[in-house]
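Asks: Sequence:
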Amino acid sequence: MFCMKSTEMSTVICLSLLRRCQSLCVIRARTLTVERAGVAPLRSHELREPVPPEILTFKDPRAFQAKSWGELIRALGVFRLCSYPVVVNNCDKLMSMTRAILGKCFFSMVLRPFVYAQFVAGETESEIGASMKKMNSLGLRPMLAVPIEEDLGESAGEKRYDDNLAVMLECVRMSHSNNWSKEPMMQLKITALVSPELCVKLTSLTNQQHYDLDLVVKAMDGEESEDLVFNAIRLSVAQSFCFGVKLVRGAYMDKERKLAKNEGRADPVHQSWEHTNDSYNKSLEVILNLVSQQPDRYKIIVATHNEESVRKAVTWMTELGIARDGGSVSFGQLLGMCDHVSLTLAQQGFSVYKSVPYGSVDDTLPYLVRRAQENRTVLQGIRKERDLLRQELFRRIREKITRAK
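Numbered according to mature numbering (1 follows the signal peptide of the UniProt record, and there is no 0), the sequence shown spans residues -23 to -1, 1 to 382.
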């Protein structure tokens, strides 16, 4: 997944830290360390405008005070449904079966005000615009995501890619022409614009090393090299690009495991959740050090729902003197999820983006299914957010009763 700023040219790489390696050999991030990056380690010194520790516990239900009654009740219902593992693990089958029973139109009518409205901005530009205005009022920024996906073996011909390109360009237009954010962004997948099989063939050609692509090969060469990501960093600097990272974990786990099994490769996923978190936080440390030294050359989106990683990022930003809203460091979460973290960060002046899918129910259904499967650990652990939503709802009820007396 690539993220594009419509206002500047950036080299943006999405690092998925729940994987030990990547089948297309784009990056290897499991052994990132500050020393190997060639930057100075973090040093504790006097904090600059530190965020109060009690705020970073993300336990204040007032983070939801701008949400409507309907939004609170809907979120509680959706999160309650998502707390059942059997629902999350079989959501694709359940949705397909429900759609077959109810029919396309009635299925859309049922899903639209519930799950769809929780995680999708809308279908038309006016619906999307209304969602964006609401986000702006909360201090959040949109990162539009076209829910177009294609995997190996799913190629549908050039017309499909031309149609996808038209949709992407329309997304660029909406992101840039509407006053939804001072730094508009969008997300796109390269495999929605070109055959995944072609990407694999190009990768295999590079691995054969039968020709010279100068700096490109130097950056991408060496399948067993663990310094690959740093070669990419050096390449971006040498070519005067801005190097941007969207630091994530957990994406495409099921698909990569299946692909690795089919190809007879080892499981490309970290051995434990602790190893994943350690890798993520070390990578975060590396990039924040780079940002602190050259904020105009390095950018990062800390894309995580993990509160501990968010706390580390906020603390390190303060220690390194990185501006909260300087444009070099942003936080990112999914629309409809982890709002207690997103809203708290936004209220403290940090740059916070929400990944915002849009489109019809049918178009966004595969996207919603994948997100549910990727974030099953998050979905099954959303008790805290659900409790905060309930506290805010009860606070409003008590307030109304008190006023009525």
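If you are wondering where the hints come from, they were derived from the structure by calculation, not from laboratory data.
What you are looking at is a predicted structure, and each value in this text was computed from that prediction instead of being measured.
Just so you know, not all the hints are guaranteed correct.
[What the hints assert, rightly or not] Between beta-carbon pairs, the in silico distance windows are:
| hint | residue 1 | residue 2 | range |
| --- | --- | --- | --- |
| 1 | Lys232 | Asp139 | 23 to 31 angstroms |
| 2 | Asp244 | Leu71 | 44 to 52 angstroms |
| 3 | Gly134 | Arg301 | 41 to 49 angstroms |
Quick reminder that beta carbons are idealized off the backbone N, C-alpha and C, glycines included.
Asks: Hint by hint, say whether it matches the structure.
Replies: Against the structure, the hints come out as follows:
Checked against the hint of 23 to 31 angstroms, the C-beta distance between Lys232 and Asp139 comes to roughly 25 angstroms, which is consistent with it. Taking the beta carbon of each, Asp244 and Leu71 are about 27 angstroms apart, not inside 44 to 52 angstroms as hinted. Evaluation of the 41 to 49 angstroms hint for Gly134 and Arg301 yields a pass: the beta carbon distance comes to about 47 angstroms.
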